[in-house]
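Protein chains: 2
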Amino acid sequence: MQIELISIGTELLGGKLNSDSSFIGEHLGKIGLELSRESTIGDEKKKMISLLRESLKRAEIVITTGGLGPTFDDLTREAVSEALRRRLIFRSAILKKMREHFQKRHLSMPEVDRKQAYIIEGATVVPNDVGTAPGMIIETKKDGKRKVLILLPGPPRELQPMFIKKVLPYLKRYSKGSLRTISFWVAGLPESSVAEKVEPIIEKYQKKGLPAGRQEEIEFAILVHLSIIEVKLKIRGKGERINEQVSLIKEEIRKALGENLFSEKDGELEKIVGNLLLKKKLKLGLAESCTGGLLGNLITNIPGSSHYFQGSIVAYSNNVKKKVLKVPKTYLRKYGAVSREVALAMAEGARKSTKADTGLSLTGITGPSGGTKEKPVGLLFVGLVYPKKRVKIVKEYHFVGKRQDIKQRAAISALDLLRRSL
Amino acid sequence: MQIELISIGTELLGGKLNSDSSFIGEHLGKIGLELSRESTIGDEKKKMISLLRESLKRAEIVITTGGLGPTFDDLTREAVSEALRRRLIFRSAILKKMREHFQKRHLSMPEVDRKQAYIIEGATVVPNDVGTAPGMIIETKKDGKRKVLILLPGPPRELQPMFIKKVLPYLKRYSKGSLRTISFWVAGLPESSVAEKVEPIIEKYQKKGLPAGRQEEIEFAILVHLSIIEVKLKIRGKGERINEQVSLIKEEIRKALGENLFSEKDGELEKIVGNLLLKKKLKLGLAESCTGGLLGNLITNIPGSSHYFQGSIVAYSNNVKKKVLKVPKTYLRKYGAVSREVALAMAEGARKSTKADTGLSLTGITGPSGGTKEKPVGLLFVGLVYPKKRVKIVKEYHFVGKRQDIKQRAAISALDLLRRSL
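If you're matching them up, the sequences are chains A and B in order. All residue numbers for the first sequence refer to the working numbering, where the first residue is 168 and numbers rise by one. All residue numbers for the second sequence refer to the working numbering, where the first residue is 168 and numbers rise by one.
So that you can see chain A by itself, here it is in the shape it has in the complex (with noise of 0.2 Å):
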C-alpha cells in the first residue's frame, strides 16, 4: 500500500514550520500504514494538476494538505476537480454550518466563504469541527485501479483533529496489520552512541531469524530531536514466531540502553518527569539562569503540572540570584555566577522561595559570547537540591551548538538529572 502526502501552502517562501508530513506519517505508524513519498508545491494550479496525476500513478491512497481556503490562491478544490475531471457541486448543509460558525462567534459571514461549500462531485465530506472548510474524501479508478484522494485544511489546528479523529479510522481499512512501529526514548546519550549500542542488535536479529523471502522485515531508524534520541523500529510480519523475535529484541534493547532509557511511550521527557513528581507526591521549584524561562515552560506545557511544579526564578541578573534566590554576594564574587557553589545556592535558593520540596537550578553559558578559556560556551551546572533524602547534586555539562540549542539541551539534561534522582 503506497500512499503520498501532497502539501499546498506558503512553506516554500520559508514558513516557520512544515511539520504535516511528520505529524501525518507518525499517526500513520500507529495503525500500521506509512507515508511512501510527501510533496511540497506552492499555490499553482497547473502544477497542482500534475502533481496529482503524477501521484494517483504512483499511490493507491494520496493525502493532500491546504488550499481549501477561502481565498483567490485557494485551488485545491479547482485542482482536484481539473485532475479528475470530476464537477464541483455547491452544498447548501455546508454553508448552513459555515454561516452558523460565525454566528457563533458574533461574526457575518465574508462572502467569499461561500467557495468553501463547493464540493467534488462524488466526494464522501469531512465536517470541520475546528474552522470552516470541511475536508472531503474520494474514492476513484486511475488506469483500471482503485484509489483514494483525501483533501484535509492546512491549518494544524483544523487538519491534526480532523486526521486523527475522522481520516485515521476511515484509512484503518487499507492496513493489514502486518506493520507495526516501536519507540525507545532516550535522554543523556549522543545519537552515535544510541546507534552504536543499538545497531548490533538488530543487524543479529536481521540476519538470523527474519528471511526476507517470508515478508518479514525489521527496519530501524534513530531520529534526533535535539538531546532526546529516539529509537524507532519498523517490524513487518504477523504470527506467533515474529512476536516472540520481538520480546527478545525489546529486551535486548532495554538492557543495553539500560537507564537511557525513559520510556517507551512518551518522547515527551517532562511529562514523564511530572508523573514521576506527582505520583512521589513532591513540589518542584527551578532557578533558571541560561535557560531564561525555558525549562519552566516546557514543565507548564504539560496539563495538570500545577499539581506539581511550583514556579521558577528566572535570575537572569545577579542580582535577582542575591535578592530573590539569596545566593551569597561572596559566592558570586569568589567562584562566579557560572560554578557548582551558585548552582547549588541556586537550588536551594528556588526550594525555599517558591516553598517547594526540591529545588532545580540551572547556570551557565549560552554564547555566542562571554566565553572564557576556563568557561567556555556551551558550560553548565545543574544544581538538584532534595531535602527529604538529604540528597545535594551537581552536575557540570559541555555542549557544542547554537544559544538555542544549547538552552534546550540544558533544560532536557537538568529534567533528566532529576528524572534519575527520583
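Simulated from the structure, these hints should not be mistaken for lab results.
When chains are identical, the list treats them as one kind, so a pair holds in a single copy or across two.
Taking lysine to aspartate or glutamate and the EDC-like style, the derived pairs with C-alpha atoms no more than 16 Å apart in a straight line are:
1. Lys271 - Asp296
2. Lys559 - Asp524
3. Lys399 - Asp210
4. Lys401 - Glu211
5. Lys405 - Glu384
Following the hints, position chain B against chain A.
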C-alpha cells in the same frame, strides 16, 4: 529557473520537524530565486533514483539534503551515481581531513566513515566546516539541457552554514536579479484582518501598472506564525518604473497596517522589543503565571538580552505570587489569581523583585481544564508598570486554541503591548 529540493531521511516516520524546505526557500528568496517543489522520501535507493531523474527532468537545479552520512542507510551517493551514470571516486584528501576532524576531538575515526571520502566523478567538493560529510556540486546535462545537482548533508547544523556560506554564493549566478521578496511583520491583528487590509492594495497594483506580458508581476502570500503574521510580496521585474511602483505599494501597506506593523526586517518581536529597551536604557522584569517561563525564554533567545532583561518570576502557584511578588492575599481571595488587580500587582512585584524599572506580567487560563463561565479557558490579563512615565496598564485578552497555542499567543501579546507602550 526551476529549482527543486529533495529531502532524504526519516521525516516520514515522524521526526519532530522538517524545515529544510522553509529554510532553503527563505534564503533562495533573498537572492531572487525560488523553490518550485520539495519532495521527501525515505532511505530507499530505487525510489531515490527515480525521484532524482524526475526532478532533473523538470528543474534546472536540484538540491538534495540528507543521506550523505556513514551508515548503511545513507544512500544518496550511490543513488546519484546510478541516476547520473557516474562513478564514485575515492579522494584521499577528504579522508585525511576527516581523520583530522576526529583527532581534534581525541577520537579515532570509525571505519564506516571512509565511505564519506567517495565523491561523484566530476563533482566540485563543498567542504563541511562542522561535520565530516562534504557536500557536492555536480554540473551535468539531461536531454541536451544544462542541469545542476547539489548534494548537501541532512543535519541542520551542518546544512545551514554550508548552504548560506558556500551554496548561496554559487547559486547567485543563476539569479537574474529580477525577483524580489519584501516582508511586513504584523502583530495584534488576526490573519483575516491583515488580508482584508492588504489584498485590495495588491489587487489595485496588479491590475494597474504591471501588465503580465512585460514579465512584471506582483504576488503576495500571508504567512501565519501563530500570532505573528508575515505579509510577503514577491515582485518580478526590474527598472525604474517598477521600483517606483514598489515604493508606492510599500507606502500604502505601511499606512494600512499602521501600528500593527512592527518590522520590515525581522519577524522576531522579542528582538524588536529588546532593541527598544536597549535604546531607552530600560531594564525589564517579568512575572509569568500561565506562560510558565515562555516569555522569559523568548526574550533570552536573543544574544545580548542580559543588557536589558533582569529576570522573570514564574509564579505558577499562589505561594510564589504572595511570597516573591508580594501580591496581597486579599486580592487573590477577592478577585482571583486571573484578574486585572492581580495582574497589576504582579507587574509591580516583577519590577521590584528583579530590580527592574519596567514590570510586565501575565496571568491567565491556558486549559484544557480550569475554565469557568466567568473566566473561560483562553482568558488573559497582561499588566505593565513603567514608573518613570507613571504608566500602569492592564489589558484583557481572549484566545482560543490548544494549551501551547494559548501560551504562545499570550507571550506575543504581552510583548506587543510592551512594544506599543515604549
